[in-house]
Amino acid sequence: MTEEIVDKPLPSPSGFAEPFWEAGAEGRLLLIRCKSCNESRVPSSEVCPNCLSVDFEWYEASGLGVIYTYGVMHRLYHPAFEQDLPYNLVVVELQEGPHLPGNIIGIENDALRVGMPVQVVWQKYSDISIPRFQATT
Amino acid sequence: MAQERTAAIVGVYEYPLRVAPGISAMEVKIESIAQALADAGLEWSDVDGLYDAGDGEAGGGLQLAAYLGINPTVIDTTQVGGSSYEFHAAHAVRDIAAGKCKVAVLSYGSTSASNRVAIGTGGRVSPAPNWQQNMESPYGSTLISNYAMVKQRHMHEYGTTTEQLAGISVATRKHAMRNPEAVKAMTDLQFVGVREITVEDVLESRIVADPLHLLECCMISDGGGAVVIASAEIARNCKKPPVWIIGSGEATKYLENNGDITTSAAAQSGPIAFQEAGINPSEIDIAMIYDSFSITVAVCLEDLGFCAKGEVGDYVANGRLAFDVKGTPALNTDGGGLSSNHPGMRGIFLLFEAARQLRGESTSQVEGAKLAVAHGNGGLLGGTHTGGTIILAKD
Numbered sequence: 001m002t003e004e005i006v007d008k009p010l011p012s013p014s015g016f017a018e019p020f021w022e023a024g025a026e027g028r029l030l031l032i033r034c035k036s037c038n039e040s041r042v043p044s045s046e047v048c049p050n051c052l053s054v055d056f057e058w059y060e061a062s063g064l065g066v067i068y069t070y071g072v073m074h075r076l077y078h079p080a081f082e083q084d085l086p087y088n089l090v091v092v093e094l095q096e097g098p099h100l101p102g103n104i105i106g107i108e109n110d111a112l113r114v115g116m117p118v119q120v121v122w123q124k125y126s127d128i129s130i131p132r133f134q135a136t137t
Numbered sequence: 001m002a003q004e005r006t007a008a009i010v011g012v013y014e015y016p017l018r019v020a021p022g023i024s025a026m027e028v029k030i031e032s033i034a035q036a037l038a039d040a041g042l043e044w045s046d047v048d049g050l051y052d053a054g055d056g057e058a059g060g061g062l063q064l065a066a067y068l069g070i071n072p073t074v075i076d077t078t079q080v081g082g083s084s085y086e087f088h089a090a091h092a093v094r095d096i097a098a099g100k101c102k103v104a105v106l107s108y109g110s111t112s113a114s115n116r117v118a119i120g121t122g123g124r125v126s127p128a129p130n131w132q133q134n135m136e137s138p139y140g141s142t143l144i145s146n147y148a149m150v151k152q153r154h155m156h157e158y159g160t161t162t163e164q165l166a167g168i169s170v171a172t173r174k175h176a177m178r179n180p181e182a183v184k185a186m187t188d189l190q191f192v193g194v195r196e197i198t199v200e201d202v203l204e205s206r207i208v209a210d211p212l213h214l215l216e217c218c219m220i221s222d223g224g225g226a227v228v229i230a231s232a233e234i235a236r237n238c239k240k241p242p243v244w245i246i247g248s249g250e251a252t253k254y255l256e257n258n259g260d261i262t263t264s265a266a267a268q269s270g271p272i273a274f275q276e277a278g279i280n281p282s283e284i285d286i287a288m289i290y291d292s293f294s295i296t297v298a299v300c301l302e303d304l305g306f307c308a309k310g311e312v313g314d315y316v317a318n319g320r321l322a323f324d325v326k327g328t329p330a331l332n333t334d335g336g337g338l339s340s341n342h343p344g345m346r347g348i349f350l351l352f353e354a355a356r357q358l359r360g361e362s363t364s365q366v367e368g369a370k371l372a373v374a375h376g377n378g379g380l381l382g383g384t385h386t387g388g389t390i391i392l393a394k395d
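Protein sequence lines, in the order shown, are assigned to chains A and B. Numbering-wise (the working numbering), the first sequence opens with residue 1 and increments by one. Numbering-wise (the working numbering), the second sequence opens with residue 1 and increments by one.
Since the hints were derived computationally from the structure, they do not count as laboratory data. Predicted model, so just to flag it, every value in this text is computed and none were measured. For each residue, glycine too, the CB sits at the ideal point set by N, CA and C. Treat each hint with caution, since some may be false.
As the list claims (entries may be wrong) - The list that follows gives simulated cross-link-like pairs (lysine to any residue, SDA-like), each with its CA atoms no further than 25 Å apart:
1) K35/A <-> E60/A
2) K309/B <-> V114/A
3) K124/A <-> Q133/B
4) K8/A <-> G259/B
5) K184/B <-> S112/B
6) K8/A <-> K309/B
7) K394/B <-> G41/B
8) K8/A <-> W131/B
9) K124/A <-> W131/B
10) K35/A <-> K394/B
11) K394/B <-> G360/B
12) K8/A <-> K394/B
13) K394/B <-> A34/B
14) K35/A <-> E256/B
15) K35/A <-> E46/A
16) K8/A <-> K184/B
17) K174/B <-> V19/B
18) K124/A <-> M135/B
19) K8/A <-> V19/B
20) K100/B <-> V19/B
21) K124/A <-> Q132/B
22) K309/B <-> G115/A
23) K8/A <-> G41/B
24) K35/A <-> G259/B
25) K124/A <-> R116/B
26) K8/A <-> Q133/B
27) K8/A <-> K100/B
28) K35/A <-> W131/B
29) K309/B <-> E93/A
30) K8/A <-> G115/A
31) K309/B <-> E60/A
Unchecked claim - Partial pick of chain A residues on the chain B-facing surface, computed with a CB cut under 8 Å:
32) L10
33) P11
34) Y68
35) Y87
Said to hold, decoys possible - These stretches of chain B come out as covered by chain A in the derived footprint (C-beta under 8 Å, 3 or more residues):
36) 139-145
37) 196-208
Based on the provided sequences and hints, a complete structural model is requested.
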């Protein structure tokens, strides 16, 4: 019997968001600041959702935030996550304002709470690092 | 705005099977359109408006008319997920009012159960190079985890409990047990315990995505159906009493900075629809609300104005929205997506049951029902989604 080994999906950075992933490889969290209205955001779009300007700059964020909400998957839908069950998913409200999704590592799922302070940690895979979070002490 | 009665639902047909191996989505659509036209007393040749969400093997707007062999003057292929059919109904009323067509057909066919489609539960494909995909797939994010996170935040902000929200599943299952097609659906899909359920049953059902329990999640079925919407003049001469569409609203919502995920697109589409209809939510007899999960119903009930934000826990607790409870609207009286029919895009079924109630044909009939709302939600409740609200009135 052969067992299918499936790798976890990894991001495929391209376009204007590439600096986010390049900085991540160095352990730095970059956010976008709109040069027109000064609003901070994650690089989900070139367009500022606040004022529709396409003029922006990157800046280094603190990497600190609190859990805005979370869920814990008990059912498997993607074979690569079989070893992780049950695993958590979170949305973190960064100190700078924007929300960033991810997982919390290094903690029992039962200990998760909305409002818990966390910090970003970059986990390196072969070609890319992805942001996760851990509780701050 | 004064209420207008320019177009009405004149024919509906819900494909009876939820497990239909060997049947194609197009076969479901074709049979459903034929039966919905028969329900209205109309012919294929009367159809001059075609509304389609691109489901089925024909491929949507480019191919569907040819497949059906008709020559419509309106083709609308709006695809906004599960709320597509509320958008279609809104557009059909506008197109009829503008004189662009007189008999509009909406149809849906799906073989999700037979094809073992785990609807929206997270693809096996690598992420596409866009931010949203890059920020979901690597973490094992799924559609269900997204809804779980909405529920978690709602519980945190408003003190809502699973025990309270279980009232949605309890009322809906009660309705399903009175609907022979829903009973067959649950039997064919091998539900554990095809019977009425209690709050305790919901609490004790296994966790799928904490804090969502199994009995708070919709089924994955085959199925489909069709709706015929006609001009006032034609509606007056159809076989069954017209069910008037007196208001509609459309909206989209997506994540914004500091965005509140406990408020949905219904907060925009609802007030637009109710204002157009010239009525208040408190006047509604039948609430057909997209129940992908308990939390979807909860958030949409609040946003539509049935209760204040944060108060839905008390509003739905203990099966308060069952059809035989006086003083509250009856929720999803066909059994809903939780217990009757959810092949992926449930929006069209909301229109069927609203129409059946206002014709007096429901298996959980509310005596004297005059007004209904159908609210569809498409996409991710805690992410990018659409909301379509339709207000319907008895003749």
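Here is how each hint holds up against the structure:
1. K35/A <-> E60/A: holds (15 Å)
2. K309/B <-> V114/A: holds (19 Å)
3. K124/A <-> Q133/B: holds (19 Å)
4. K8/A <-> G259/B: Not OK: K8/A and G259/B at ~29 Å, beyond 25 Å, violated.
5. K184/B <-> S112/B: The given pair, whose Cα atoms are some 17 Å apart, holds under the 25 Å limit.
6. K8/A <-> K309/B: violated (38 Å)
7. K394/B <-> G41/B: With a Cα-Cα distance of about 19 Å, the restraint between K394/B and G41/B holds, given a limit of 25 Å.
8. K8/A <-> W131/B: holds (17 Å)
9. K124/A <-> W131/B: Judged against 25 Å, a Cα distance of about 18 Å means the pair holds.
10. K35/A <-> K394/B: violated (54 Å)
11. K394/B <-> G360/B: holds (9 Å)
12. K8/A <-> K394/B: violated (53 Å)
13. K394/B <-> A34/B: This hinted pair holds, its Cα atoms lying about 24 Å apart.
14. K35/A <-> E256/B: Measuring from Cα to Cα gives roughly 18 Å; hence the hint holds.
15. K35/A <-> E46/A: holds (12 Å)
16. K8/A <-> K184/B: Cα-Cα ~38 Å, so violated.
17. K174/B <-> V19/B: holds (21 Å)
18. K124/A <-> M135/B: holds (15 Å)
19. K8/A <-> V19/B: violated (32 Å)
20. K100/B <-> V19/B: violated (37 Å)
21. K124/A <-> Q132/B: At roughly 20 Å apart (the allowed maximum being 25 Å), Q132/B and K124/A satisfy the hint.
22. K309/B <-> G115/A: holds (21 Å)
23. K8/A <-> G41/B: violated (54 Å)
24. K35/A <-> G259/B: holds (21 Å)
25. K124/A <-> R116/B: Answer violated: K124/A to R116/B is near 35 Å, above 25 Å.
26. K8/A <-> Q133/B: holds (13 Å)
27. K8/A <-> K100/B: Roughly 50 Å between the alpha carbons, so the hint for K8/A and K100/B is violated.
28. K35/A <-> W131/B: holds (21 Å)
29. K309/B <-> E93/A: Within the cut-off at roughly 22 Å; holds.
30. K8/A <-> G115/A: violated (28 Å)
31. K309/B <-> E60/A: Between K309/B and E60/A the Cα gap is close to 36 Å, so the pair fails against 25 Å, i.e. violated.
32. L10: holds (6 Å)
33. P11: holds (4 Å)
34. Y68: holds (7 Å)
35. Y87: holds (6 Å)
36. 139-145: As far as the stretch 139-145 of chain B goes, the hint holds, because 6 residues have Cβ atoms under 8 Å from chain A.
37. 196-208: Since 3 is at least three, the answer is holds.
In summary, the numbered hints that this structure violates are 4, 6, 10, 12, 16, 19, 20, 23, 25, 27, 30, 31.
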